[in-house]
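Asks: The lines below spell out each chain.
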Amino acid sequence: MKVHEYEARRLFAAYGLPVPASAVVETADAAERAAQEFARPVVVKAQVLVGGRGKAGGVVLASTPGEARTAASRILGMSIRGATVRKVLLAPAVDIARELYLGVVLDRVHACAMVMASASGGIDIEDVALRTPEQIRRQPVDPAYGVDDWQARALGFSLGLDGTQVRTFAGIVRGLVRTFGELDASLAEVNPLVVDRAGALHAIDAKLNLDDSALFRHPELAHLRDPTEETPAEARARDVGLSYIRLEGSIGCMVNGAGLAMATMDVIQHYGGEPANFLDVGGGASAQRVATAFQLILEDPRVNVILVNIFGGITRADDVARGILQARVGLARQTPLVVRLVGTNEQEGRALLAAAGITAVRGMDDAAKLAVAAA
Amino acid sequence: MSVLLDASARVLVQGMTGEQGAFHAQRMRAAGTQVVAGVTPGRAGVRVPGLEDVPVVNTVADAVRVHGANTAAIFVPAPFAADAILEDVSAGIRLIVCITEGVPALDMVRVLPRVRRSAARLVGPNCPGVISPAQRAKVGIMPWEIHRPGPVGVVSRSGTLTYEVVQHLSDLGLGQSTAVGIGGDPIVGTSFVDVLELFEGDPETQAVALLGEIGGDAEEQAAAFVRSRVTKPVVAFVAGKTAPPERRMGHAGAIISGGAGGAAGKIAALRAAGVVVAETPAEAARLIAARLG
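Chains Z and W are the protein sequences, given in the same order. Quick note, the first sequence lines up with residues 1 to 375 if you use my numbering. Quick note, the second sequence lines up with residues 1001 to 1293 if you use my numbering.
It is worth saying that the hints were derived from the structure and are not from the lab. Note that the Cβ used here is the ideal one computed from N, Cα and C, for glycine as well. Treat the hints with caution; some may be incorrect.
Example chain Z residues on the side facing chain W (calculated, C-beta under 10 Å, incomplete) [what the hints assert, rightly or not]:
(1) 143
(2) 266
(3) 271
So here's chain W without its partners, still in its complex pose (with noise of 0.2 Å):
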């Protein structure tokens, strides 16, 4: 199997008449997705060029009563961030996956403990989005081609670093069993250690890539769960060991603040929980592929 995401979520894509939305709800569907319905405000009935049988809806609860969706993709603007998340909550989506990059930190203050009484689980924001090669199915931005189904999880606080190492996974012949984006920004949805736990508690997968960066303390709370909790093999990858401290490296989240959340103390913390942490990306992949002989 796969977690998060399998091949039964029917997906509505918010923000589906814009550029982006359009863009990337035909390649989810390119990947075998399905998209069943688009939500903007005002805009039910609209086509969208390439997209011409995906109705476009006014509101979540039409997408979930008419069309049965039941997994969200937000790419709307990131002052309406915010309010597509509780649209979803409010109707019952299951997987909410934000793509929309600077929503406000404060926003997500407000909205994170309405997702937590609710059965949603929400993803991102700032984030590429979560895959699972073999059940087919896409919910994001990363390009398909690149994935091949397999025995590894692959879980990252960033976009193109994921792709990197997923594609050196593929070369060596090692598929993933699902990648996960969790994001960029300081508050997210779904950390490390929720993605961790899910892939020890997945039978297909065998081994994990963690892939982590400067700023905050995401990657010191991984390593005290894999301590404890974790049995499958993790390889992890951090970047930002030539960031200046007090600078914000392109991501929310990654800025070393007071001394805090530097690469060295994050990767002192994944060694001392039995963490494999490689020195490049191509490298993680190599010792993935040691550690499953």
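Bound conformation, chain Z alone (with noise of 0.2 Å):
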């Protein structure tokens, strides 16, 4: 789960991170007056949980009020890569001599918690890492024990920081890696952390991603989801426990098993059709599921043609039929359905679907073949 940078400044800040001052606001008029408030330049910058927004035009420098108006309305209504920018936050623009950057992600490898600093700093951290990699440095971490001091001021120093700016940068250090280890984080990232002129630190960006297996037990962080981050659809499969994510073809596809469900869309495109949709109903899919995900992929207007792919082993055949047969007595549209039926149960869940005219095919690759002849 992404979380706003304005949620994440809050609680960046609450580790004692230096976070500057901001509002958060709506409208072009709250912008402006937000702007005489803090009675100097402000930096006016999307809300949007994709990134790429200051290449797209969604982070202005605004010297006045008047500016920061119109910086507001320009920025607020505007789609970038797809979201709509809802709130614009507002900070007093910071007087920068240098940009660093620093970040925790979870290091899959190692299974540790890596903090990770850098001289280059504001610009994709991606992009260093795959050119010159030898530019970040890093320090492996058990988020429950916490940082060593040595850890971070090795960081420090590696950033060419002075003595007073490493113990600066050293608290900022503990306070994000106590971030990432108490919120449950797969990744708390200030970039850039920025040096001014007078040499003191401030954290002018904050990015927080919190792991949705662990939300059972941050109640309190359930409401930053943003619900525009997913489509209405997304949203209600994940209510149900479906996977379900939308795509840009054809060819709907319905299959149990993450792995298999992506390789099912893979398959799709090999034999030269475009996936709807990604959706995986899971283990032990019921009649019920199945019958609430065929009502989703048909809810997508390009959907011309049903691809089911079920490997029964836990998910049980005859289920899968019921579920199918089930859903499409209630079903606004009709379209054609290729239906791939294997493993437990199999005979029973065929006979069903036999009964009421549909033909269920056994190779993955043939249903896909008529699923895209179809389409």
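Both chains are given apart, each in its own frame, so use the hints to dock them into the complex.
Replies: Following this line, the structure appears as structure tokens:
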């Protein structure tokens, strides 16, 4: 789950990071008033959960309240990589001398939290990692134990900070590692961490991704989910335990298991078609869940054929067949249906479908070819 | 022989009094695996329908001491999975298979160092388990019927995609030495590299099917290991070529993030290491057959 910058700034500040004051507004009027209160040049920043907002014109420096109003009215409502801007953040502009990078990420290989720092802040850290990996310094950390002071100092000195700055920097690293560990984050990032012309450090941006699997122990963070991050259909799917992601193609897919669902999309493309969605009905899919999945797929107007690919294990093929039949009764529109059904209770499932005039095939490749031909 | 799991396994099932635990304990037994105890704290002595002769005990230590358990299958809810693993480690269990999905990543960060300091091997979490057909041994949830004994080692981050490839292999007359689902989470106890090393050293395994997917760099690590250490033929399939970036594709670990973890890079790394990469699961099985002549 991604957290908006303005919420992440609030959380980072609570962990002691030097986050400058800011205001979050939803109208140009309010932006002008906020800029007046700051009584100095401000930065107006689009609040969206996608990257690349600077390049898209979603971050603007405003010298006067009037300019802040103009900037806000232009940015609010703007679409950045598919995300509509509904809020902007205003913060006093900082007199930047240097832009550093500081982040804590989940390291899959070493099974630890990895603190990363770079003197090349402000830009895409993945680019730095790809082109000049030697410019990123790393320290592995056990978040339950915390970061050692020497690790934080080593990172600070590697960035060319002086002794006084390194003490401040070490406090920032400690706070960010605590944020990461205590909130069950998968990413906590300050990019850029700015050194101003007086030598002071400021966390002028904040990025925080939380582990969905750990939200059960952070009920106080659940409201930070932005409902517009998902489509309504995707949110409804999540509520009933389905994993659904809408794509651009015309072949609706319903599959059990995430890996097989991805493979089904790939095989459709291999045979010249385009998948309309990723949909994992999960293990032990009930007839009811299958019926809901069908409704979700058919709400996508681009879908003109549905491919069902079930490899029964825990999921029983006869349950899936009942779900398909149940779903077809109440549907607003009928689309061609290709069913691939094998595994547990396969014979019963095929018999149920056959009685309703639906033929199930046994091979995934055959099913994909049929679906592509019908699309 | 097989890797990780053989006929000597004496399995305890954590969460056997739950619906999933009970169902799969019966299926494991039906496959010929010895299920010697269920562990549910506070429910010792309970009889589970269909498993009346399998004692339920309060602690893993009891299951080990009284019933000789040496292998654990974990079906407890996600908030309790880390604790279940640590209880197994402390009781001296040698193979821990964690089926549970949705375990917080930082729970695994906390648990793994303790697993690695012990003699235990953890497979998962969020995995279908381990199966060694010739040994009649299964710890997990995969359908037994599609497997048969044979020379192919299978290792995968996915469940049903593994069954798909196993079915194709079996249809071609190619059985499996061991099939290992390492799990779809970002942090898992056993990696592709760990299992490749075991298959390389296993005389029964003559070829390996490696089923990867988007997210992380487990396939890149596997490729580097194959290049330097694996002499047996390896055929791979990588799921998610059509997956969009920045979206979690079902599995917690299956996400292309910041331009990293895409299928193209993984496929390129595997091919550069001499791994044959199939376009479809069915083709993966055919390519294995071709290599085994």
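Asks: Does each hint fit the structure? Answer for all of them.
Replies: Status of the hints after comparison with the structure:
1. A cut of 10 Å between beta carbons decides the hint on residue 143 of chain Z: the least distance to chain W is about 6 Å, and the hint holds.
2. The restraint placing residue 266 of chain Z at the interface with chain W holds, with a minimum CB-CB distance near 5 Å, inside the 10 Å limit.
3. Interface hint at residue 271 of chain Z: satisfied, since its Cβ lies 9 Å from the closest Cβ of chain W, which is below the 10 Å cut-off.
The structure agrees with every numbered hint stated previously.
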